[in-house]
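First to last, the sequence lines map onto chains A and B.
Mapping to the numbering used here: the first sequence position 273 is 273, numbers consecutive.
Remember, the numbering used here sits 323 above the position in the second sequence when you count from 1.
Check each hint, because a few of them may be wrong.
[To be verified] Calculated cross-link-like contacts (lysine-lysine; reagent style DSS-like; alpha-carbon spacing at most 30 Å):
#1 Lys6(A) / Lys158(A)
#2 Lys191(A) / Lys513(B)
#3 Lys6(A) / Lys790(B)
#4 Lys6(A) / Lys62(A)
#5 Lys6(A) / Lys497(B)
#6 Lys6(A) / Lys777(B)
#7 Lys6(A) / Lys649(B)
For the record, the hints were derived by calculation from the structure and aren't laboratory data.
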Amino acid sequence: MNSVSKSQFTALLMITDLFGLFCCGGMISLMTLYGFLAAAAVQYLFGVVFSVRGGELSKKVKWLYLVYVVFCGGTLFSALWQTSSVIYIPYESSHGIWGRLMTAGLIAAVCLYSSSTGIKTVARAAVIVGALGAACLLIDFASAVFNAEWHNVQLPEKRSFISEFVRGFAYSSGLGSFAVLLGDVRGERIKAVTGYFAVKAAAAVIVLLTVLSVAGGIMPLADFPVITAAQLSQPLDAQRIDSLFLVVFVVFAVFSVSLQVMTGAYIISELFPRFTKWRSTAVIALTVAAAVVMPSQPLVLLRAAAAAAAMAAAPLCAKKTAA
Amino acid sequence: MKQSGLLPVLDESIDEIKRISGGSSDLLINRFVTGGVHCALLCCEGMVSTSVITEMIFEPVTDIPQQDSASELFHYISEELLLSTDRPEVTDYDELFRYVDSGFAVLIAEGMEKGLAFGVQGYSSRGVQEPSGEGNIMGAHEGFTETVRTNMSQIRRRLKSPELVMELMVKGEKSFTDICLCYMKDRVPKKLMAQIRSSLEDIRLEAILSTGHIRPFVENSSFEVFSSTGITERPDVLCSKLIEGRVAVLVDGVPYAIVIPRLFCESFQTLDDYAFKPYYATFIRWLKYLAFIIAVLLPSFYVAIVMYHPELLNSTLFMLLVEAEKKAPLSIVTEAMFVLLMYEVIREAGVRLPKPVGGAVSIISGLIIGDAAVNSGLVSTPLLTMTALSVLGGLVVPDLNPQVTILRFAFVIAGGMLGLFGISLLACAVLVNICATEDYGFPYTAPLSPFRRKGMSDTAVRCGIKKLQDRGFTVEEYHE
Numbered sequence: 001m002n003s004v005s006k007s008q009f010t011a012l013l014m015i016t017d018l019f020g021l022f023c024c025g026g027m028i029s030l031m032t033l034y035g036f037l038a039a040a041a042v043q044y045l046f047g048v049v050f051s052v053r054g055g056e057l058s059k060k061v062k063w064l065y066l067v068y069v070v071f072c073g074g075t076l077f078s079a080l081w082q083t084s085s086v087i088y089i090p091y092e093s094s095h096g097i098w099g100r101l102m103t104a105g106l107i108a109a110v111c112l113y114s115s116s117t118g119i120k121t122v123a124r125a126a127v128i129v130g131a132l133g134a135a136c137l138l139i140d141f142a143s144a145v146f147n148a149e150w151h152n153v154q155l156p157e158k159r160s161f162i163s164e165f166v167r168g169f170a171y172s173s174g175l176g177s178f179a180v181l182l183g184d185v186r187g188e189r190i191k192a193v194t195g196y197f198a199v200k201a202a203a204a205v206i207v208l209l210t211v212l213s214v215a216g217g218i219m220p221l222a223d224f225p226v227i228t229a230a231q232l233s234q235p236l237d238a239q240r241i242d243s244l245f246l247v248v249f250v251v252f253a254v255f256s257v258s259l260q261v262m263t264g265a266y267i268i269s270e271l272f273p274r275f276t277k278w279r280s281t282a283v284i285a286l287t288v289a290a291a292v293v294m295p296s297q298p299l300v301l302l303r304a305a306a307a308a309a310a311m312a313a314a315p316l317c318a319k320k321t322a323a
Numbered sequence: 324m325k326q327s328g329l330l331p332v333l334d335e336s337i338d339e340i341k342r343i344s345g346g347s348s349d350l351l352i353n354r355f356v357t358g359g360v361h362c363a364l365l366c367c368e369g370m371v372s373t374s375v376i377t378e379m380i381f382e383p384v385t386d387i388p389q390q391d392s393a394s395e396l397f398h399y400i401s402e403e404l405l406l407s408t409d410r411p412e413v414t415d416y417d418e419l420f421r422y423v424d425s426g427f428a429v430l431i432a433e434g435m436e437k438g439l440a441f442g443v444q445g446y447s448s449r450g451v452q453e454p455s456g457e458g459n460i461m462g463a464h465e466g467f468t469e470t471v472r473t474n475m476s477q478i479r480r481r482l483k484s485p486e487l488v489m490e491l492m493v494k495g496e497k498s499f500t501d502i503c504l505c506y507m508k509d510r511v512p513k514k515l516m517a518q519i520r521s522s523l524e525d526i527r528l529e530a531i532l533s534t535g536h537i538r539p540f541v542e543n544s545s546f547e548v549f550s551s552t553g554i555t556e557r558p559d560v561l562c563s564k565l566i567e568g569r570v571a572v573l574v575d576g577v578p579y580a581i582v583i584p585r586l587f588c589e590s591f592q593t594l595d596d597y598a599f600k601p602y603y604a605t606f607i608r609w610l611k612y613l614a615f616i617i618a619v620l621l622p623s624f625y626v627a628i629v630m631y632h633p634e635l636l637n638s639t640l641f642m643l644l645v646e647a648e649k650k651a652p653l654s655i656v657t658e659a660m661f662v663l664l665m666y667e668v669i670r671e672a673g674v675r676l677p678k679p680v681g682g683a684v685s686i687i688s689g690l691i692i693g694d695a696a697v698n699s700g701l702v703s704t705p706l707l708t709m710t711a712l713s714v715l716g717g718l719v720v721p722d723l724n725p726q727v728t729i730l731r732f733a734f735v736i737a738g739g740m741l742g743l744f745g746i747s748l749l750a751c752a753v754l755v756n757i758c759a760t761e762d763y764g765f766p767y768t769a770p771l772s773p774f775r776r777k778g779m780s781d782t783a784v785r786c787g788i789k790k791l792q793d794r795g796f797t798v799e800e801y802h803e
């Protein structure tokens, strides 16, 4: 696999994490922010241990990651379908299951093309997408600063710290790719790990504070608070800018799925070196199939457990290399 | 064609030349005797300067004193007469025809298996004129011409450094086109030069008549929307690229040079940027970025928002569009495609037709068809405005016009079918394609991605010349 720079590595994973956050359902409170930050801190510790110890992933761990990335890809597709009621995608709602499959098919086609160009290309594109996403996020945040009702931030918490901590793990879809791609990062890995988790924590703070300040008052009515906040947070009086968010949302969706597909294809290439063609296609097919059979619930506990297993497997089961 | 030396018997050699040329009328064979040796001077009609050949060849050659043999005659001509600055020896008929067809006069003599060629080219060619496609206000007004040697001299005049190397080679199995590889030997990476030479080795074309015949050989073979090699018709621009460590390929008969490698951001840079104050140059640069985005996306966003996302418009704008579109008989996508196609037809007609008629086409299309289409209600005014703005935006970045044209259509179709969702999906695919564009390890999207902070001083903004001078940039910085 071609090597990627630290900023590209961070951009790839951040896009996936932010897309997960966009699709985050249920109420959000200040405790959610604490939970997400605590989850990021724990993940960081595991990441540091893995980057310091180094070593190669064993065959069993690779299998685990393959299953995990397919599962994560499935949850991403599933989240996209569930959010389609609030993010308007033509044909999706009106054509039922066929509309959904068509949406998934189109995204899969773009992902297939992206992954066929290689990780280096997608990583380059991810930096540009990440920069555009960050700019949009800042516009959203800036407009929230002026239009927000800051007392909403202090609204009473409905969930415990533990449940928010679990949710923080559940919405970290990039952990499998993190462990697999870390070995291909140029330069000091520990810096890459620190950079990624620092950006992840900062993004969580910005997004969740924006959501709390803008949509805090109507939180019980919002199915997807981040999307609702983006729709409510309008910086201009005469013109809505939701279109910006819709574009960012779809682009993030494509890159998130592409990352899972590329990671899956990479693992397959290591597990089955003779399987050279159709690797990406196989992973995409498995991902869409996983999304189709997946129940419509967010599966928070299962996702958190899978993420925790993926995070712990890398440092605990890595084989020490002779070098 | 024979590959061995020339025939020593003059009559047989002339017969052989006539046989190879098929009795072509433009091959002139002048037989004469000088120094007691039977000779023939061969040249191609229209390719040599009559006055030069008379003054520099005929007059001195016919005054040669008696010689003992043909080889002594050739020795005398080579050593004692300075007939021209370019005097290669001809050893076979392949070479002989290549020189004759390139405007040389070739002297052959009885008993000699070789000939002497003299550079007396004098074919009519277009003089140095202002470039037609790369407009410039403050810079030089000289462009390349169709003659490769004139172009080489234009570069040499601007870069009087011994580090500037120009390698001539011949390509094209039938055309024998002169190709010149230009580079600064202290700036260009050696690996890049070796790779380009190796790519050019693969050319087995019969004729090279445009830069388009060579570009596929020096570009990545995978599908790329944007070209990873550039084109310029300005010697000053080419010199600036050479100083940055790039390689240029000049092709005889083509007033354009190929620049390798090319970056996306270079399409938005002009030499004028460096003539204006940095703040104005930066403003112009951002205007071009905006124009490019408008050129590609404006019609598709209009179609997508009007068809699928009207809630994004404020009420006044929404009512205005509803009022305009309800009179139009066609769907918005069809309408947009129709207007864009009409524009392309008119543009193509304007380009291909003679200039006076081309002007008439513009008037007929712009004033009559455009006005009639709006008045008859066939096309709505807002859509026409959006399309015109988009087309104007495309003209700001002429380098990318082919790509802009195709992408504009593709985005209109995507927006018409799937709204902003479709536009976003296509944008992802296009972005990935742009990021995949890479030649010889130089990513097309540098310095944006892979990000090079130093490179942003001449990409996001245009820093002062003093700062740029300190930077000492070469394209090698972007190599991955």
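Evaluation of the provided hints:
Our distance criterion of 30 Å between C-alpha atoms is broken by Lys6(A) and Lys158(A), whose separation comes to about 38 Å. With a C-alpha separation of about 33 Å, the suggested pair Lys191(A) and Lys513(B) falls outside the 30 Å cut-off, and the hint is violated. Taking the CA atoms of Lys6(A) and Lys790(B), the gap is about 28 Å. The hint holds against a cut of 30 Å. The straight-line distance between the Cα atoms of Lys6(A) and Lys62(A) is roughly 23 Å, inside the 30 Å bound, and the hint therefore holds.
For the suggested pair Lys6(A) and Lys497(B), the alpha carbons sit about 52 Å apart, so the restraint of at most 30 Å is broken. This hinted pair checks out: Lys6(A) and Lys777(B) have alpha carbons roughly 17 Å apart, not beyond 30 Å. Straight-line distance between C-alpha atoms of Lys6(A) and Lys649(B) comes to about 53 Å, which puts the hinted pair past the 30 Å bound.
Hints 1, 2, 5, 7, counting from the list given before, are not met by this structure.
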